[in-house]
Amino acid sequence: MNAEWRWDFAIEILPQMLWATLNTILAAGVGYAIATIVGLLFLLGQRTPIKIVNMINREIVEFIRSTPLLIQLFFVYFVLPQFGITLSAWVCGMITIGLHFGTYLSEVYRGALEGVPKTQWEACRALNFSTMYTYRKIVLPQAFPIAIPGMGNYLVGIFKDTPLLSTIGVAELFHAATAVGGYNYRYLEPYTIVGLIFLTLSIPAAIWIRKIEKNVNVAQGKIKKEQL
Amino acid sequence: MSYFAFLSEHGPTLLLGTVTTVKVLICATILYVIISLIFGLMRLSKNPIIQGVATGYIEFFRGTSLLVQLFWFYYVLPFFGLTLEAFTAGVVAIGMNFGAYGAEIVRGGVLAVPKGQWEGAFALNFTPAKRMRKIIIPQIFPIILPPAANLTVELLKATALVALVTVVDLTFEAKQINSITWLSAQCFGTALLIYYIISRFFLVPFLRWLEVLAARKVGKEKI
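Protein chains in written order, with the working numbering: chain A, 1 to 228; chain B, 1001 to 1223.
Isolated chain B (complex conformation) (with noise of 0.2 Å):
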């Protein structure tokens, strides 16, 4: 069978897998971004109790394995009258697993903003919170994109997984059409290729006009 046989055959089958990990992509970044921003903030609050919690959560997030948390969502909530659907178990699993990465890299964003800005926020007698969502947060965006969007690269490839908790996605289809014609370079390479596209062509490009629109928005141009 030559390879054109077999993606006119599969080729379809394959694109259907495809819109899933591409829906499992958006939905999980969107909740990965909420959460690192949330947690990212509440680890670097002066009280204990805030900082406790959201050191306590990046720690056991990043602590233990995407595939045992994913697991851990879809097989054992039910055991406690939680039983997510196989698509939600694995956005949140992937969510709040990037999250805990994220969070790091926006502790490590707010940092680096320039002590004068926070000084002179303090001096002009902004409130905290005024301070934090007028001066900080805007100011953190060109520092943190370029390590969010390796972050996000990441993600990409990480909901590869969501198919051993039978989410019907890309890499879910590639095994089936494997199991049924044991053409495995065809199906698993025709994967990886789709992959490489979305992330080479597609979700990278996206990143670095992100990178380049939040420079611009701060007055620092970028290349």
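For reference, chain A alone in the conformation it holds in the complex (with noise of 0.2 Å):
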């Protein structure tokens, strides 16, 4: 083993890594499409008026938000075939990243639904709006602004997660650098050019997502724009 860079294993392997980044995005935008889903269904339960609901909706949440996505993983995985249910781990995948981030997307959209004052639902009430109609027109257009830059760093997040998955098995780049690395004994490059790609993609999309967070904030009227 030496400690040089070699340029020409680097380029060889490149392509390879890339498309392999192509499956890691796929996984980070099908995950969180389940995320958004499922934290709706959470929040669900969160503003049901019956108390039971709420409680049992509270301990499943932090129960997933305090174990490791990577048990997760690993429960769903194998614990599903026991009960005849065989899915794919792409499935099995999609579907533990969707419960883990769902929980924290409820949080972020409980926020945010927290976040449009108080007099705004007193108004509405006042002008004998319905709630559907207060929701639909007046609570959840303010509402929004305020949940972009939570759900635009889970989106990150998720992104940064998506390594766990080769740990069953779906091949995405971190698995294929594992398998090029364990192939050709050569770890220095794979593992590197993964982490580079990593960077190359979640730090655009972090300084796009405080971009958009200072819109937000300067629409609302929080911060002026010569602040900026």
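The hints are simulated quantities; they were obtained by calculation from the structure and are not laboratory data. Possibly wrong hints are sitting among the right ones.
To be verified - Pairwise CB distance ranges (calculated):
hint : chain 1 : residue 1 : chain 2 : residue 2 : range
1    : A       : 117       : B       : 1008      : 50 to 60 Å
2    : A       : 26        : B       : 1108      : 28 to 38 Å
3    : A       : 185       : B       : 1133      : 48 to 58 Å
Claimed, not checked - Not close to chain B: a few residues of chain A, all C-beta gaps over 10 Å, as computed:
hint : residue
4    : 15
5    : 16
6    : 215
7    : 220
All C-beta atoms in this analysis are idealised placements derived from N, C-alpha and C, irrespective of residue type, glycine included.
With the hints as a guide, bring both chains together as one complex.
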């Protein structure tokens, strides 16, 4: 083993890594789509005016949030077949990521809804709007911009957690790097390339989210444009 | 095999793994707190080099995945002649990764200290070092502890990853037992429960207690 960085090897494996990156992006996108919907379901459980549903919902959310994603992946992947449900690694990974981050997104949604001033609700009540109409026309349009930064952060968060999927055999970027590294017995280039690909994708994303966050704050009048 | 038979046979092994998990948790937490204080303050420096180093560090570690960093520390550093033990590599990778997130919290905390405090210290002719040490730093703790508590719970979850670089922790033991017995529901379910119990009944109450303590220290009673 020598510490030399071999450019020929790095260039040789680069196309393979870039292909695998597409899988990573796909996994992050699908996982995120599921998470946004699961988050809505948890939010619904939280806002139902039935005490027992709230309590059960809270416990489930707490449980999922305080246990590691890695073991949840193993749990779904290994336990479901025991009950006769055999899913591919991809589907298991997507379900688990969706559930795990859905709990986080439900908190983001809750925060956004609570961020809408109470007076807005009172005004709607005074104007005799129905609850449906209040949500659709008054509350949600105001809550959505508040939720954007949090939602963006978790999109990057999911993207950075996709390497965990390689542990159950989903052929994403990290899996490809481990395979290439094992085959050639050189881990320096594959893992470094993985790191660089992650950096080149997530730093622009983070900057973009920060920019949106600022725009949202300006639009809501929290900070003035000149302060930027 | 009933669940109790499973527990009596494999419970001790899982508990041994739990001890390692707690060890990783404690070591990584100490490391991440130190790193976040240092880099959080460096990030606020007026010196462009110091600030640049801190920003580069934070962006790098926040921009890449923890698992990638972990594997890099464990499998790639030996290429450079620096071989870390699995446990050390795990603690260092987690500590440095979470240190980057913590540094941002510290930075936010320092900026959130009311301006009057800075001005007061300035008016009393404190040196910048003394101002930081005596006035600003003691006041950031009630501000940074709630977000830092969330981060620490995240860190507990992240310790599961060290199993992938062959640290024999709770996750590793659960995987091992699973591959011997194929009782997946029992062993992974138990592991999930243990993580939940550590977090819910030990880590979170401890962090809440710290929050109350910090609030009391600066004269802000909490709850």
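Find the hints from earlier in the document that the structure breaks and name them by number, from lowest to highest.
none
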